[in-house]
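All chains, full assembly: derive it from the sequences and hints.
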Amino acid sequence: MILDRIASRTPDTNLSRRSFLTTSATVGGGLMLSLSLPLGRSEAARPDGFAPNAFIRIDSDGQVVLTMPYVEMGQGTYTSIPMLIAEELEVSLKQVRLEHAPPNEKLYANPLLGVQATGNSNAMRGAWKPLREAGATARTMLVAAAANRWGVDAKSCRAQDGEVIHVSTGRRLKYGELAVEAAKMPVPGNVTLKSPEDFKLIGTPAKRLDAPAKVNGTAVYGIDARPPGVKIATLAQSPVFGGRVKSLDDTAARAVKGVRQIVRLDDVVAVVADHMGAAKKGLAALKLEWDDGPNANLATEEIARELEQATLGSGAVAHNIGDADKAMASAATKVEAIYHLPFLAHATMEPMNCTVHFRKDECEIWIGSQAVARVQAMAAEAAGLPPEKVIVHNHLIGGGFGRRLEADGAVRAVEIAKHVDGPVKVVWTREEDIQHDMYRPYWFDRISAGLNEQGRPVAWKHRFAGSSVLARWLPPAFKDGLDPDSTEGAIDLVYDLPNFHVEYIRVEPPGIPTAFWRSVGPSHNVFVTESFIDEMAVAAKQDAVAYRRALLDKSPRAKAVLDLAAEKAGWGQAMPKGTGRGVSLQSVFGSYLAQVAEVEVSKEGAVRVRRVVCAVDCGTVVNPDTVQAQIQSCIIFGVTAALYGEITLKNGRVEQTNFDTYQMLRINEAPAIEVHIVKSAEPPGGMGETGTSVIVPAIANAIFAATGKRLRKMPVDASVLKQPV
Amino acid sequence: MAFNVNVNGSARSVDVDGDTPLLWVLRDVLGMTGTKFGCGMALCGACTVHIDGVATRSCITTIDSIGNSHITTIEAVGATAAGARIQKAWLDHEVVQCGYCQSGQIMSASALLASNAHPNDADIDDAMSGNICRCGTYVRIREAIKLAMQTNKKGG
Numbered sequence: 081m082i083l084d085r086i087a088s089r090t091p092d093t094n095l096s097r098r099s100f101l102t103t104s105a106t107v108g109g110g111l112m113l114s115l116s117l118p119l120g121r122s123e124a125a126r127p128d129g130f131a132p133n134a135f136i137r138i139d140s141d142g143q144v145v146l147t148m149p150y151v152e153m154g155q156g157t158y159t160s161i162p163m164l165i166a167e168e169l170e171v172s173l174k175q176v177r178l179e180h181a182p183p184n185e186k187l188y189a190n191p192l193l194g195v196q197a198t199g200n201s202n203a204m205r206g207a208w209k210p211l212r213e214a215g216a217t218a219r220t221m222l223v224a225a226a227a228n229r230w231g232v233d234a235k236s237c238r239a240q241d242g243e244v245i246h247v248s249t250g251r252r253l254k255y256g257e258l259a260v261e262a263a264k265m266p267v268p269g270n271v272t273l274k275s276p277e278d279f280k281l282i283g284t285p286a287k288r289l290d291a292p293a294k295v296n297g298t299a300v301y302g303i304d305a306r307p308p309g310v311k312i313a314t315l316a317q318s319p320v321f322g323g324r325v326k327s328l329d330d331t332a333a334r335a336v337k338g339v340r341q342i343v344r345l346d347d348v349v350a351v352v353a354d355h356m357g358a359a360k361k362g363l364a365a366l367k368l369e370w371d372d373g374p375n376a377n378l379a380t381e382e383i384a385r386e387l388e389q390a391t392l393g394s395g396a397v398a399h400n401i402g403d404a405d406k407a408m409a410s411a412a413t414k415v416e417a418i419y420h421l422p423f424l425a426h427a428t429m430e431p432m433n434c435t436v437h438f439r440k441d442e443c444e445i446w447i448g449s450q451a452v453a454r455v456q457a458m459a460a461e462a463a464g465l466p467p468e469k470v471i472v473h474n475h476l477i478g479g480g481f482g483r484r485l486e487a488d489g490a491v492r493a494v495e496i497a498k499h500v501d502g503p504v505k506v507v508w509t510r511e512e513d514i515q516h517d518m519y520r521p522y523w524f525d526r527i528s529a530g531l532n533e534q535g536r537p538v539a540w541k542h543r544f545a546g547s548s549v550l551a552r553w554l555p556p557a558f559k560d561g562l563d564p565d566s567t568e569g570a571i572d573l574v575y576d577l578p579n580f581h582v583e584y585i586r587v588e589p590p591g592i593p594t595a596f597w598r599s600v601g602p603s604h605n606v607f608v609t610e611s612f613i614d615e616m617a618v619a620a621k622q623d624a625v626a627y628r629r630a631l632l633d634k635s636p637r638a639k640a641v642l643d644l645a646a647e648k649a650g651w652g653q654a655m656p657k658g659t660g661r662g663v664s665l666q667s668v669f670g671s672y673l674a675q676v677a678e679v680e681v682s683k684e685g686a687v688r689v690r691r692v693v694c695a696v697d698c699g700t701v702v703n704p705d706t707v708q709a710q711i712q713s714c715i716i717f718g719v720t721a722a723l724y725g726e727i728t729l730k731n732g733r734v735e736q737t738n739f740d741t742y743q744m745l746r747i748n749e750a751p752a753i754e755v756h757i758v759k760s761a762e763p764p765g766g767m768g769e770t771g772t773s774v775i776v777p778a779i780a781n782a783i784f785a786a787t788g789k790r791l792r793k794m795p796v797d798a799s800v801l802k803q804p805v
Numbered sequence: 018m019a020f021n022v023n024v025n026g027s028a029r030s031v032d033v034d035g036d037t038p039l040l041w042v043l044r045d046v047l048g049m050t051g052t053k054f055g056c057g058m059a060l061c062g063a064c065t066v067h068i069d070g071v072a073t074r075s076c077i078t079t080i081d082s083i084g085n086s087h088i089t090t091i092e093a094v095g096a097t098a099a100g101a102r103i104q105k106a107w108l109d110h111e112v113v114q115c116g117y118c119q120s121g122q123i124m125s126a127s128a129l130l131a132s133n134a135h136p137n138d139a140d141i142d143d144a145m146s147g148n149i150c151r152c153g154t155y156v157r158i159r160e161a162i163k164l165a166m167q168t169n170k171k172g173g
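Protein sequence lines, in the order shown, are assigned to chains A and B. The first sequence begins at 81 in the working numbering and counts up one residue at a time. The second sequence begins at 18 in the working numbering and counts up one residue at a time.
Treat the hints as calculated values from the structure; they're not laboratory data. Take the hints with a grain of salt, since some may be wrong.
[As the list claims (entries may be wrong)] Below, a sample of chain A positions facing chain B; criterion: calculated Cβ distance under 7 Å:
| id | residue |
| --- | --- |
| 1 | 154 |
| 2 | 712 |
| 3 | 744 |
[As the list claims (entries may be wrong)] When the alpha-carbon atoms are kept at most 30 Å apart in a straight line, the in silico DSSO-like pairs for lysine-lysine are as follows:
| id | chain 1 | residue 1 | chain 2 | residue 2 |
| --- | --- | --- | --- | --- |
| 4 | A | 254 | A | 280 |
| 5 | A | 174 | B | 105 |
| 6 | B | 163 | A | 648 |
| 7 | A | 287 | B | 105 |
| 8 | A | 280 | B | 105 |
| 9 | A | 287 | B | 163 |
Heads up, the beta-carbon is just placed ideally off N, CA and C, and yes, glycines get one too.
Below, the structure written as structure tokens:
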């Protein structure tokens with residue numbers, strides 16, 4: 081039933097024309113409002129100067145339809161975004177129906193990213209003002225329509241629960257009754273937004289609108305798409321990136337009941353069948369040989385050596401304050417360290433998949449994507465069609481974490497579908513999903529600090545090398561050897577650090593594609609900087625919380641979350657042997673977080689994270705339950721990475737295959753998690769990723785507290801922690 | 018060959034090889050997409066269904082092994098007392114995030130509650146550690162099972 085509330089919007093190829101209008105009548109004669117937003121893109125590139133961004137639709141029957149510019153992948157955006165609109169529109173969440181936005185960069189670009197994508201924890205930050213304004217604009221026009229009909233001053237009317245009320249006479253008109261007339265009202269130039277004390281929805285825990293369909297099996301993900309006559313395909317891609325099919329004998333595969341077709345392309349073979357069982361059986365029956373190509377001997381160690389070598393030279397200066405070299409030379413103590421972070425797969429629970437119906441002069445796609453316009457553009461290129469001939473139906477996403485910002489899966493599915501008569505759903509096995517992911521980059525860092533006689537930092541130097549995902553994904557964002565993602569968390573520390581110098585060296589590894597991974601740049605940088613601050617505190621013989629605190633006079637929000645986390649965690653209280661507490665602090669994605677992790681390390685070196693206390697100041701809280709849920713989620717995600725996460729290459733092949741070799745944290749290993757939210761009137765910060773970057777160094781610091789061993793490479797290596805017999 | 022199976026109380030006939038996993042019969046042959054594919058090796062629990070009330074990984078359960086047993090999927094588990102309580106607790110406690118693994122989580126939790134009215138933490142670990150949730154809803158899953166258990170006490 082609730083399924084009806086999340087519908088795939090029929091793609092409308094006329095949207096770009098309509099985007100120039102501010103209001104228009106819907107097919108049903110109601111009010112459709114698109115809103116204009118100043119974008120973070122150059123005005124010169126956009127002659128109109130404005131681009132409408134989202135739609136509210138109110139049909140004559142009173143149905144309020146909200147088209148979601150950001151996608152739901154678990155982070156709760158299909159509840160928090162409607163809350164913003166409904167707050168100002170004066171409707172309850174029960175009155176709205178949601179639609180997935182079709183691909184349209186003009187209408188649905190995130191103003192902070194400049195493209196239609198859900199990532200970098202930007203949805204709420206991008207939506208906070210414009211989508212409340214959208215609601216307020218629509219409400220103002222509905223009120224004007226009612227006042228007009230009654231012949232009264234609009235100021236004598238107010239909106240409430242989907243109705244306009246004339247206060248003195250008690251007359252009422254429902255929004256549906258006003259929709260046609262409201263569409264003819266002038267669009268107000270500016271609207272006044274509610275004061276926070278008048279919020280009815282924002283700041284209160286709202287029930288997720290997508291939850292009912294997700295507990296009864298009716299929620300439809302990309303993998304559940306079933307256009308009539310669909311066949312199921314699964315695939316074997318070259319186990320070495322850049323390899324090709326050398327020989328194929330598909331005789332046995334063709335004999336499998338239900339197998340309909342074998343598609344052999346340059347670097348992939350797909351088995352098309354009536355069902356996935358037959359497709360997998362057919363795949364297993366293929367006699368397939370590969371020409372491994374230029375990356376046949378590639379190993380992770382070789383990539384790490386190349387990165388290390390790169391950091392011996394200088395890089396692009398990401399940030400500089402004062403003279404770090406000079407200050408370092410006269411420092412009383414010098415601390416230096418080298419850190420590594422591994423390649424990581426995303427391992428979304430919904431394996432990669434894409435359904436394509438390739439027809440003579442158009443192509444229809446069913447997918448769950450974080451970047452549906454990118455899917456359209458890249459699929460069009462693969463199909464040899466103009467983008468407007470590629471119809472994309474977006475779906476709920478069974479885990480994104482950055483994986484579904486990429487369109488490689490859609491491209492692959494189109495390549496296969498071009499050879500198939502009728503629609504085909506291409507489903508990656510878990511092994512293909514893990515071995516042909518696009519991975520969180522491997523990072524190599526050199527970092528050093530100079531301390532004065534009191535242990536306080538007087539110099540900070542940090543140079544790191546790794547892949548720039550943004551340089552590939554959004555080339556204009558990479559300038560002068562730098563991009564804002566690779567350096568986030570490295571150049572914007574909360575601490576007062578004079579004589580500060582950070583350099584980045586872009587090194588693209590051969591033979592392994594890289595991509596965004598939950599908490600993106602900070603997932604790397606915060607591990608390094610927060611581990612290293614701990615090393616500095618040790619060198620200064622000071623308590624880890626006190627040491628940080630002394631550097632926070634210019635950052636009161638950071639100091640407040642640090643104090644709160646330390647207090648709630650019982651920082652300073654004695655702990656049993658073999659256990660320890662570690663702290664970590666950051667400000668990324670517009671939110672401040674401090675976490676204290678408690679770990680237990682066995683004699684064999686096995687680490688268990690027992691408890692995590694998190695204090696958060698994410699500005700104005702829209703849905704407090706979602707803030708708590710996202711912190712819980714981010715912590716489990718980060719603990720998984722810290723304890724288990726590592727993708728390695730040997731002979732050019734990814735060595736991990738399934739959840740036995742690429743392990744996930746399970747319920748019996750999950751820590752107790754406490755979340756403490758600091759009340760704040762600042763604009764909302766992002767919450768979908770920030771808890772992941774901050775937990776990993778908290779764990780490493782806790783392990784140091786428990787064992788005296790500093791782990792400068794993730795994941796945790798039990799052999800390093802094992803006690804001698 | 019044709020196999021006759023009982024799915025959610027209905028007799029269904031499917032013409033597939035005997036070694037075809039039940040998961041694909043449900044999803045691709047019968048079009049019941051509530052049961053999810055996660056790993057294909059019984060490592061993640063996304064495909065969990067009940068066979069005669071027992072939580073079973075459908076990705077490694079071949080169609081020729083089922084015989085006259087009764088298959089219950091997420092689409093019908095709400096018709097069982099334990100399933101209805103678990104689904105309600107999941108909603109009351111706002112467990113879901115991306116939701117993809119939750120069909121399997123709910124099937125495992127329902128089977129637990131049906132066989133053990135008062136599971137303790139160790140029982141919950143035993144019954145639920147085969148189900149991976151990449152969104153990390155574990156804290157709430159545990160709490161929701163306890164909530165459903167209390168409803169059980171009150172409701173008798």
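Checked hints:
1. Taken as an interface hint, residue 154 of chain A checks out: its beta carbon lies about 3 Å from the nearest beta carbon of chain B, inside 7 Å.
2. Contact between residue 712 of chain A and chain B, as hinted, is supported at the beta carbon level, the nearest pair being about 5 Å apart and thus within 7 Å.
3. With its C-beta approaching chain B no nearer than about 5 Å, residue 744 of chain A sits inside the 7 Å limit, and its interface hint holds.
4. This hinted pair checks out: residue 254 of chain A and residue 280 of chain A have alpha carbons roughly 20 Å apart, not beyond 30 Å.
5. Between residue 174 of chain A and residue 105 of chain B, the direct Cα distance comes to roughly 18 Å. Compliance with the 30 Å bound is thereby established for this hinted pair.
6. Under the criterion of a C-alpha separation no larger than 30 Å, the hint pairing residue 163 of chain B with residue 648 of chain A is consistent with the structure, at around 25 Å.
7. Using a Cα cut-off of 30 Å, the hinted pair residue 287 of chain A and residue 105 of chain B holds, with the two alpha carbons roughly 13 Å apart.
8. Between residue 280 of chain A and residue 105 of chain B the alpha-carbon distance is near 26 Å, which keeps this suggested pair within the 30 Å criterion.
9. For a cut-off of 30 Å, the pair hint linking residue 287 of chain A to residue 163 of chain B stands: about 20 Å separates their Cα positions.
Against the hints set out earlier in the document, no violation occurs for any number.
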